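Start counting the sequence shown at 298; every next residue gets the next number (the working numbering).
It should be emphasised that the hints constitute simulated quantities derived from the structure, not laboratory data.
Just so we're clear, the structure is a prediction, and the values are computed from it rather than from any experiment.
Beta carbons: idealized from backbone N, C-alpha and C, even for Gly.
Treat each hint with caution, since some may be false.
Said to hold, decoys possible - With a straight-line cut-off of 27 Å between C-alpha atoms, the simulated DSSO-like cross-links for lysine-lysine are:
{"no.": "1", "residue 1": "380", "residue 2": "353"}
{"no.": "2", "residue 1": "404", "residue 2": "342"}
{"no.": "3", "residue 1": "353", "residue 2": "316"}
{"no.": "4", "residue 1": "404", "residue 2": "385"}
{"no.": "5", "residue 1": "342", "residue 2": "412"}
{"no.": "6", "residue 1": "380", "residue 2": "407"}
{"no.": "7", "residue 1": "412", "residue 2": "380"}
{"no.": "8", "residue 1": "316", "residue 2": "327"}
{"no.": "9", "residue 1": "385", "residue 2": "407"}
{"no.": "10", "residue 1": "342", "residue 2": "327"}
{"no.": "11", "residue 1": "404", "residue 2": "377"}
{"no.": "12", "residue 1": "397", "residue 2": "380"}
{"no.": "13", "residue 1": "412", "residue 2": "377"}
{"no.": "14", "residue 1": "397", "residue 2": "412"}
{"no.": "15", "residue 1": "407", "residue 2": "342"}
{"no.": "16", "residue 1": "342", "residue 2": "316"}
{"no.": "17", "residue 1": "385", "residue 2": "342"}
{"no.": "18", "residue 1": "385", "residue 2": "397"}
{"no.": "19", "residue 1": "404", "residue 2": "380"}
{"no.": "20", "residue 1": "353", "residue 2": "385"}
{"no.": "21", "residue 1": "353", "residue 2": "342"}
{"no.": "22", "residue 1": "377", "residue 2": "353"}
{"no.": "23", "residue 1": "353", "residue 2": "397"}
Stated by the list, open to error - Label-pair distances were calculated between CB atoms; the ranges are:
{"no.": "24", "residue 1": "332", "residue 2": "408", "range": "33 to 41 Å"}
{"no.": "25", "residue 1": "385", "residue 2": "355", "range": "42 to 50 Å"}
{"no.": "26", "residue 1": "404", "residue 2": "346", "range": "20 to 28 Å"}
{"no.": "27", "residue 1": "422", "residue 2": "305", "range": "47 to 55 Å"}
{"no.": "28", "residue 1": "367", "residue 2": "307", "range": "35 to 43 Å"}
{"no.": "29", "residue 1": "387", "residue 2": "349", "range": "40 to 48 Å"}
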Amino acid sequence: MASVTYSAGIDHVSGALAKPGKSGQHSCEKMLLATHRTAATTSNKCNRLYLRNAVKRNSPLSQREIQIRNRFTAVAQMIKARKADLSKLTTDQANFRAQKNDPDGAKTMKAYYWKICGAEYDQQHG
């Protein structure tokens, strides 16, 4: 994966560096977007640069895509509810610390929640 390094003195850039124009001789359909990751991560490569094309989907969502989107929504709601449940917080923190250094263990609490809630969803929905 490529990473972005800016000139000396610039740590990060976030936002649109170039936007597609609506009209005129210099209009284009591409957008240059720079992002700086602020969320918890295990990587020190936090700067990304994207070239975004203006595209429109031609086909409807497949059944598999709908299932994936539904799973994501359901697991995100499960995580939100679990984080708000104070009766599970101490146990979750202890279990997270116990598995954190395992080879396949989640390295952040957020990843741990996605792992256990995702497994719970998969078990319920076969």
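Hints, one by one, checked against the model:
{"no.": "1", "hint": "380 x 353", "result": "violated, 37 Å"}
{"no.": "2", "hint": "404 x 342", "result": "holds, 16 Å"}
{"no.": "3", "hint": "353 x 316", "result": "holds, 17 Å"}
{"no.": "4", "hint": "404 x 385", "result": "holds, 19 Å"}
{"no.": "5", "hint": "342 x 412", "result": "holds, 23 Å"}
{"no.": "6", "hint": "380 x 407", "result": "holds, 10 Å"}
{"no.": "7", "hint": "412 x 380", "result": "holds, 14 Å"}
{"no.": "8", "hint": "316 x 327", "result": "holds, 7 Å"}
{"no.": "9", "hint": "385 x 407", "result": "holds, 15 Å"}
{"no.": "10", "hint": "342 x 327", "result": "holds, 24 Å"}
{"no.": "11", "hint": "404 x 377", "result": "holds, 19 Å"}
{"no.": "12", "hint": "397 x 380", "result": "holds, 18 Å"}
{"no.": "13", "hint": "412 x 377", "result": "holds, 14 Å"}
{"no.": "14", "hint": "397 x 412", "result": "holds, 12 Å"}
{"no.": "15", "hint": "407 x 342", "result": "holds, 19 Å"}
{"no.": "16", "hint": "342 x 316", "result": "holds, 25 Å"}
{"no.": "17", "hint": "385 x 342", "result": "violated, 33 Å"}
{"no.": "18", "hint": "385 x 397", "result": "holds, 18 Å"}
{"no.": "19", "hint": "404 x 380", "result": "holds, 17 Å"}
{"no.": "20", "hint": "353 x 385", "result": "violated, 43 Å"}
{"no.": "21", "hint": "353 x 342", "result": "violated, 30 Å"}
{"no.": "22", "hint": "377 x 353", "result": "violated, 32 Å"}
{"no.": "23", "hint": "353 x 397", "result": "violated, 41 Å"}
{"no.": "24", "hint": "332 x 408: 33 to 41 Å", "result": "violated, 20 Å"}
{"no.": "25", "hint": "385 x 355: 42 to 50 Å", "result": "holds, 44 Å"}
{"no.": "26", "hint": "404 x 346: 20 to 28 Å", "result": "holds, 25 Å"}
{"no.": "27", "hint": "422 x 305: 47 to 55 Å", "result": "holds, 52 Å"}
{"no.": "28", "hint": "367 x 307: 35 to 43 Å", "result": "holds, 41 Å"}
{"no.": "29", "hint": "387 x 349: 40 to 48 Å", "result": "holds, 43 Å"}
The structure is inconsistent with the numbered hints 1, 17, 20, 21, 22, 23 and 24, although it conforms to all the rest.
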